[in-house]
Amino acid sequence: MSDAQTQIPVTVLTGYLGAGKTTLLNRILSENHGKRYAVIVNEFGEIGIDNDLIVESDEEIYEMNNGCVCCTVRGDLIRVVEGLMRRPGRFDAIVVETTGLADPVPVAQTFFMDDDVRSKTKLDAVVALVDAKHLPLRLKDSKEAEDQIAFADVVVLNKTDLVTPEELEKVEATIRAINPAARIHRTQRAGVALGEVLDRGAFDLSRALENDPHFLEAHDHDHDHDHDHHDRDGHDHHHHHDHASDIHDVTVKSVSLRGGEMDPKKFFPWIEKVTQMEGPNILRLKGIIALKGDDDRYVLQGVHMILEGDHQRAWKDGEKHESRLVFIGRDLDADRLRKSFEACQVA
Amino acid sequence: MPTVAPLDLEGHCVAAVFLNDVPHFALADGAIHRLDNGHKTVRANDGLLAAFHDAANDRLITGGEDGKVFAVKAGGEVSELASAGRKWVTSVTAGPQGAIAYASGKNAFVRFADGKTKEFTHPRSVEGLAFSPKGMRFGVARYNGATLHFPAAEGKPVELEWAGAHTGITFSPDGAFLVTTMQENALHGWKLADGKHMRMSGYPGKVKSLSWSVKGKWLASSGAPAAIVWPFSAKDGPMGKAPLELGTRGNTMVTCVACHPSQDVVAIGYEDGMVIAARFADAKEVLLRRPGKGAITAMMWDKEERRIVFGSAAGDCGVIDITA
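Chains as they are written, first to last, in our numbering: chain A, 1 to 347; chain B, 1 to 324.
Chain A extracted, bound-state conformation (with noise of 0.2 Å):
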């Protein structure tokens, strides 16, 4: 069993060439927060800060020999982690960048397919860097820049600066709509305090969604609580949910999920069917769970076929019994996924 007090953290860094990865992780390396960073990059590029602990590193994708076409890790990673750990006193987290066209899912899989890796470290959150002027081109032009949003814990919407308000809340509608779950920061110059980027939690089932106060909240909430935008009439009633997106070039769509208590004996078998089946399609899923007679709430989290879930904490005094899932993907029949998620209900 892995030793929760020695995994070092990892921030997965992933955005479009020019939607400033490189201002931030030059702002991680010298910013007096007291912390020291491993930061693992496709190209030295202009990262102008010497570092020994910038390490250089080939994309390499891994397909197991499983058969399963979404089962992919990065070797290179794999290597350069294993070398990192042998000398762990050096840093206090690592930070991975991807290049621009990158895949975030195979960097993401490693932290959970690689027992060596996964013994060492483990996944803190996945950031998408968005240029807000761009970002309708890329997704006119590409998947990757969908993948990105679709996959990401946060996402920092960058240059805010270089577009009208119109533009802005536009391009931030067209993020919810791919990505109901993630954190949206406006920012310029990728000035987002690090605190929002860093140390999030995101794949640790105990805390992931704490930090999503409003996961278990009323459909018709858009997650944009955190930010400093108050003024915009009439976005907050927008139900971004289960619809296949009105936004021209959006292929992921979510499917959130709500229900009451479940049965064990069938929401198990359904939820490993689901993942087993729809794997390929789903990027990401997320779930508070409430099962009967389980006075804890069950959280879930899945990567593709990957699928992970732990008892959290006890359900409060006066806590709705409630259960939620939500699935980010392509192709997903989310008629089908809610007929047979509340056939697992407690009759």
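Rather than coming from a laboratory, the hints here were simulated on the basis of the structure. Worth double-checking, as some hints may not be accurate.
Computed list of lysine to aspartate or glutamate pairs in DMTMM-like fashion (alpha-carbon distance at most 20 Å, straight line) [said to hold, decoys possible]:
| hint | chain 1 | residue 1 | chain 2 | residue 2 |
| --- | --- | --- | --- | --- |
| 1 | B | 206 | A | 115 |
| 2 | B | 293 | B | 272 |
| 3 | B | 106 | A | 58 |
| 4 | B | 196 | B | 159 |
| 5 | B | 87 | A | 115 |
| 6 | B | 206 | A | 82 |
| 7 | B | 87 | A | 82 |
| 8 | A | 143 | A | 115 |
| 9 | B | 106 | A | 82 |
| 10 | B | 208 | A | 43 |
| 11 | B | 293 | A | 82 |
| 12 | B | 208 | A | 103 |
| 13 | B | 106 | A | 115 |
To spell it out: a stretch of chain B is covered by chain A in this simulated footprint if at least three of its residues, at any positions, have a beta carbon under 8 Å from a beta carbon of chain A; those stretches are [said to hold, decoys possible]:
| hint | segment |
| --- | --- |
| 14 | 43-50 |
| 15 | 118-129 |
| 16 | 231-240 |
| 17 | 248-262 |
The beta-carbon is built from N, C-alpha and C at its ideal position, and this holds for glycine as well.
Fit chain B to the given chain A structure using the hints.
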């Protein structure tokens, strides 16, 4: 009763070797410690990632985070052999006629004894390197197989294909077989004469340590609660044969194996730091070292077949004297 002379160091031991019969310990921080009338230390790489014992020249070749390759000789003589730039040197090996090879990213380099260097670029990362014991030939472990180069001659390399990520590589001592470790919990082998495949799977963990027994009759491996020892004396290697399982323990894994120089005996190091020796013929075991602080990462027998030098992931290293 075997005795252990401990050497408690700080950090992960990458290699533990005898150079001129003196125990040397190469640590991940690049310090090379030796027990030579007292504890002495020299420095090689700034961040040591890979090391290979070049038996023919009685030296240790090291590569590291600083992109450099060093040769360490007995007496603490450290010389820089090559510099590959800003990327890590992740694998090193040594071959015939004083040649060495090292890997950095997608490139493998062969440096001949005269200092001339030849570069071999691959479409994917070079994961492991090994020279064939015969002729000037070396193998590269890579994604979906292995590549054989003939650095002394011009011409195309030989590509050996097998789906999956191959992370380490070794030739049998007679040069007849090539075996790779894989990202999945398995070994793969090729009989080089006809390219026949050998699948060696069923390990519960990744195989990180391999050792050929005397004359290459057996290949011992880590990655299981026992040392898995495959028979290679038949012309088709281990195909259709079951391996030996030596030193089975219920609560820990084998992390390092080192075959005896002349007898069918293997030293087995475990995750909890224990070391035993086991005989192939009757599976008889002798305890050599009780569990310690970290997993055994490196071992080597001396020429007199009397001592074993070992290192661990936690730095509790030492020398076992089996005759004492």
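inquiry  = When I compare C-beta atoms, does the segment 118-129 of chain B have three or more residues closer than 8 Å to chain A?
reply    = Since three or more residues must qualify, the claim that chain A covers the segment 118-129 of chain B holds, with 3 doing so at under 8 Å.
message = Check the hint pairing residue 208 (chain B) with residue 103 (chain A) against an upper bound of 20 Å on the C-alpha distance.
response = Not OK: residue 208 (chain B) and residue 103 (chain A) at ~29 Å, beyond 20 Å, violated.
Annotated coverage of the segment 43-50 of chain B by chain A, confirmed only when three residues or more have a Cβ within 8 Å = Check passed, 3 qualifying residues.
key: Proposed proximity, residue 82 (chain A) with residue 293 (chain B) (alpha carbon, max 20 Å)   = holds (19 Å)
Satisfaction of hint between residue 58 (chain A) and residue 106 (chain B), Cα-Cα up to 20 Å = Measuring from Cα to Cα gives roughly 8 Å; hence the hint holds.
task = Would you mind confirming whether the straight-line C-alpha gap from residue 196 (chain B) to residue 159 (chain B) stays at or under 20 Å?
result = At roughly 13 Å apart (the allowed maximum being 20 Å), residue 159 (chain B) and residue 196 (chain B) satisfy the hint.
ask   = Counting residues of the segment 231-240 of chain B whose CB is closer than 8 Å to a CB in chain A, do you get three or more?
value = violated (count 0)
Restraint status (C-alpha distance of residue 206 (chain B) to residue 82 (chain A) at most 20 Å) = holds (13 Å)
20 Å Cα cutoff - pair residue 106 (chain B), residue 82 (chain A) = holds (18 Å)
message = Hinted pair, alpha-carbon criterion (20 Å max): residue 143 (chain A), residue 115 (chain A). Please report holds or violated.
response = Violated, because 30 Å separates the two Cα atoms, which is more than 20 Å.
ask   = Quick one, are residue 293 (chain B) and residue 272 (chain B) close enough, alpha carbons at most 20 Å?
value = holds (7 Å)
message = Against the 20 Å threshold, does the CA-CA distance of residue 87 (chain B) and residue 82 (chain A) hold or violate the hint?
response = Holds, because 16 Å separates the two Cα atoms, which is no more than 20 Å.
Hint compliance for this structure: hints 5, 8, 10, 12, 13, 16 and 17 are not met, and every other hint is.
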